[in-house]
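Engineer: Here's the letter readout for the chains.
2 protein chains.
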Amino acid sequence: MTPTQTEIVSAACPHPLDPASIDELNTATELVRKQFDSDVKLFFYAAGLHEPAKKILRPFLQAERAGKYLNMPAREICVIVGIARTPRNFEVIVNVTEKVVKSLVELPRTSLPPLVPSEITLAMEITMASDLVKAEVERLQMPLDQVFPEAWDYGRDSENEYDRKVQVFMYARNPETNHPESNVYAFPLDFLVILDMTKEEVESVQHLPLGASASKNRSQNTVRKTGKPIEPEYVHELQSHSMRKSVKPLQVIQPEGPGFQASGNLIEWEKWRFRVGFNWREGMTLHDVTLDGREVLYRIALSEMSVPYGDPRAPLHRKSAFDLGTYGAGYTANNLGLGCDCLGVIKYLDGNLVESDGRAYTSKNVICIHEVDAGIQWKHTNLNTGKAVVVRRRQLHLQMIITVANYEYAFYFILDQSGEIMFETLATGILSTTPIDPEETKKCRFGTRVASGVLAPYHQHIFNLRIDPCIDGDGNSVEVIDSVPMPLDEDNPYGIGYVTESRTVSRSGTEQLDAEKGRVFKIVNPNRINATSGQPVGYKLVPIVSQRALAHPTSWHARRSQFGSAPVWITKYRDHELYAAGNYTNQSDGDDGLQAYVARDEPVENQDIVLWHTFSFTHNPRPEDFPVMPCETARVVLKPNGFFDFNPTLDVPPSNQCFNKSVSYEESKNQAGMQTSGQEVPCCKTKAKIHRVEG
Amino acid sequence: MTPTQTEIVSAACPHPLDPASIDELNTATELVRKQFDSDVKLFFYAAGLHEPAKKILRPFLQAERAGKYLNMPAREICVIVGIARTPRNFEVIVNVTEKVVKSLVELPRTSLPPLVPSEITLAMEITMASDLVKAEVERLQMPLDQVFPEAWDYGRDSENEYDRKVQVFMYARNPETNHPESNVYAFPLDFLVILDMTKEEVESVQHLPLGASASKNRSQNTVRKTGKPIEPEYVHELQSHSMRKSVKPLQVIQPEGPGFQASGNLIEWEKWRFRVGFNWREGMTLHDVTLDGREVLYRIALSEMSVPYGDPRAPLHRKSAFDLGTYGAGYTANNLGLGCDCLGVIKYLDGNLVESDGRAYTSKNVICIHEVDAGIQWKHTNLNTGKAVVVRRRQLHLQMIITVANYEYAFYFILDQSGEIMFETLATGILSTTPIDPEETKKCRFGTRVASGVLAPYHQHIFNLRIDPCIDGDGNSVEVIDSVPMPLDEDNPYGIGYVTESRTVSRSGTEQLDAEKGRVFKIVNPNRINATSGQPVGYKLVPIVSQRALAHPTSWHARRSQFGSAPVWITKYRDHELYAAGNYTNQSDGDDGLQAYVARDEPVENQDIVLWHTFSFTHNPRPEDFPVMPCETARVVLKPNGFFDFNPTLDVPPSNQCFNKSVSYEESKNQAGMQTSGQEVPCCKTKAKIHRVEG
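Chains as they are written, first to last, in our numbering: chain F, 2 to 696; chain G, 2 to 696.
These aren't lab readings, by the way, just hints derived from the structure by calculation.
Take these hints with a grain of salt, some might be off.
Identical copies look the same in the list; a pair holds intra-copy or inter-copy alike.
Unchecked claim - Lysine to any residue pairs mimicking SDA-like chemistry, simulated, CA-CA at most 20 Å apart:
1) 518 / 567
2) 388 / 23
3) 56 / 239
4) 69 / 485
5) 56 / 146
6) 573 / 602
7) 42 / 527
8) 388 / 651
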């Protein structure tokens, strides 16, 4: 196999879109360190690729795809660093190609760096060493080694509150076992701990409300300290019942290997070509997505995710997490395992991150890529001849799974042969719980009882997907298309006619869904006309229809997650404007983010635009969601709509038995162990019941 | 293996829910024939199981599941038969156990039997033999053997119009090839044919409008008669381009055989137990669905499907099909093929139908059943210890695919281990087209140009799923639950609180969706309380959010498909009330159906109730949908919500490499051909990045 030009370039030096390498991260943090006196102790929060400006990168990518070569843009790393035990923080851009610091900006006090794993560990240590905490545990007559602290971002409670804080929810292991794998969320303690992270000490202990309403006095009843009757545990070894034996192996075999080619982070599959990025914040990103040589997307990634809780009782009213901006989907990405998270032939990609001391490290297998058979792509039986043709639907799945404290989220980019790009969200993991007086449970209207004295409060998961399109090149617009009945008149005398009404969005702003009008959002390129339809080429967004953020507009939940107030946002592109809730979400005041971007009121017709889709799960827990939650899924689809002149999967070979080697139930029952039928069953020659009529 | 009592009973005589056997159908039609003088020529439209009354069947099923035995209800067959070449039709119930006719009712003139394959064949023959048609084909200077007639139900045009009619849309094969597999929908002719099916002759030929509006005079331009440039064909052999070579085999291997047990039509899988039915009208039905020994559903099936077209120009304004009530999903069910329609180990079920002369025949492989790995069911990583636990999501898929003229629909019932029951609809096949003056195309607002002179009109696919629940036994109610913000007051001082508001539906009627309120419909059994939540046990409906029927309420499209006017309908159960658009949909006047059932205004709280969910695709064709349409899918989910005390999949063994035998990309590339790794990769022991803190 001869290497392609792209591969040669990749081998020589990193591609402008390659994630930061270990060397680059170390170079960057070392250069940052040199900006400070040697006795200044720094705390490195995060570092990752600072993507080149579009006006530089896009010509490069276009030339590269055309087999030409332009000068490689310099590689830059963005470092977020603070002076330890002070409120001073900095955003530094380092040119690692030239090994120079390009810019160093001290962040305003309103911009707090994220809450990263090393600080979470520190917070847990401070908590467990605290005499205040020990006194609370003693009050509960509980051994200290049974206690489990879970550090969360502090949230926000008032204006002008910028001291760096962490709140720690307190749980205990099952007192019957004190097993390290026991489900601590079945044993929430009745206090939380506020840490001052500048002083690195406990600021206060706050007792949790145990009554069913915010205005009711705290109940005298206290936390549960018995694990009897044995709680349902999610870890198999701790379960009291035996495993079901009925699940038989089901394996995916790809005898000729995978259908995709991975050259570094460049993936080619079924006429698709794109680059996979990875950074501490968004985790997986896709770039320069083309199909059959035509541009579709410049960049796509989940931009933010907010989880506001609906329990109104102080101090739980601050409970709300920005899982991307504050915790970092890259930092929280799981190290995926062969045979655990996917079936078939799996390509894994690693990701590089930094420790708080600036040292870079590799997180293994943070992204996996594999093919999936998703059933039928299309089928038709010619009733006149009886001939049936089936083409199956092969997909490429790119997966990342993050663990943010109690919850897990799996995120998938899914491409198929028909030109669809899907973003799927899967929520699982464990409910965050709080104690409640058992007598009060019935009166509680903002949570579900999941065990005696344990409440799982209602909450929302609010996601925003950032779609930076370049549908068939430069100059895109968004059309809002409704299907509406024609009026009863001479053009519609029988009352059955309906038509589409289309409007092109002219200025940056928000749009509403309208299922009753069958509303469709189409990203079009008005400069390219589809030869078949005579309309501009385009892709449509099939949005997730869901509930907006429920918190009152004046509340901190709402102010900090304004992207949750509308399902569709359209902005004019700006470099490094990537995050729906703004650049710094930890203890944010809500001044930055989508509402600020659209307020520029810019033209978005035939422009370089970005479409942002907000969707949510309103998660009112079920008993079935405990002690671990069966996945909840939702899928956004980008679907070609007049991008192609006709069905782009016509050249996918038909589905048949020689290729698919299915086995009949009866044969399988008779010969369990033998895999494939010796006989080749004639396929797709079904004799239909309707008879041929000669014309 | 010792047979269970159920199997012994099944072997002895058919189960009350088994589909009609060949013998039973032949016995029934013979007994029907004896009701008429021997010189009367009968036309048998359809015959199938007449299910026992619930008050008889339900105790039988309960006893059977308890291992007891009650007297077997008599087997009855319902036969729809007409006297050929007359408007006289009959519905006959035959007791085939006793071999007696139980009832014979002459149908009112307003109830026309369905349009079944044998009559469609007859209609095509009448058309092609007609001098009127031959004259039209001559006018078009087209060889007759190039012409393809497609018979559709006539629809309805006015009050008191009950003469049995068929309309025939006319197409031609590609004139360049005249190949029998060519895509005729690329060559729509400019006339349709109305048949009088009582006289068995052509009643009239009607010319189609070629202009862009109903009020405009017909254009002089005529149909296309050239296939150049070569049209995209969907049949691979006819395509001008070569097949892509990039798709590599992906096979599903189940070395220990399937995880389900099929004993006749009784299926047992992962604690689920249910019976699969099949009849000419609904095709696949599920009955007596229990989970871990607890009742969930008495019966579930797609009840109706209507496809109204939005092209307002006469005579196309009648274009609208009831694919179940008029064509019959059983009659139009595909004979599925091993390796074509599914992967893995497949169980096929046959179905029995009758010819117009009353002879029964078997349609092979009309339903298939197989397991699917649907990714991750749940996962959690304990950040304190680094231990990750993953359980995969195994599903059982039951599939039926129907071909109704141009279109294909695949219908799936999908069960999973977490108690979910899904109904998935997949639409594919070919767009129904009509000719248009190429000059007029741009002005047309109710269709998409898919080729020169060829318009694919806008239309809706409106489905209704009938859910007959018995959640944990008798007496069910429907709760409508909204998630709403709390008012800003002393109980919600921070404005972040939200609660659920619940209302129990008391009388039969319709309900609206409300995504902005996160509205959920919960079917509960108020007589059983969930031990964990303290609420009644229940299942929630996750509806498909879609557009209502667009036709004007006074139009025939709307009057005949009133079930399309609301997404949720709740009725009190009545025996044999199964169809959303009424019992006889062919040329129906809209008097029968859901609107009539709910008008009884019956109590539905803690009653035997039925929930009917209407959903739609508003299908404004894309160029990509031609010459064959990539699948469009939608899924309704019934999800346990307080049915279980905790996650019912805790006892599903964890996912690991020993079981799943995945292969790394690199290993696969190195050893394409070798399937499984020799080394056992340690699995699910991922070392997480967040560090353990000892309490």
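Engineer: Need the list of violated hint numbers for this structure, in ascending order.
Structural biologist: 2, 3, 4, 5, 7
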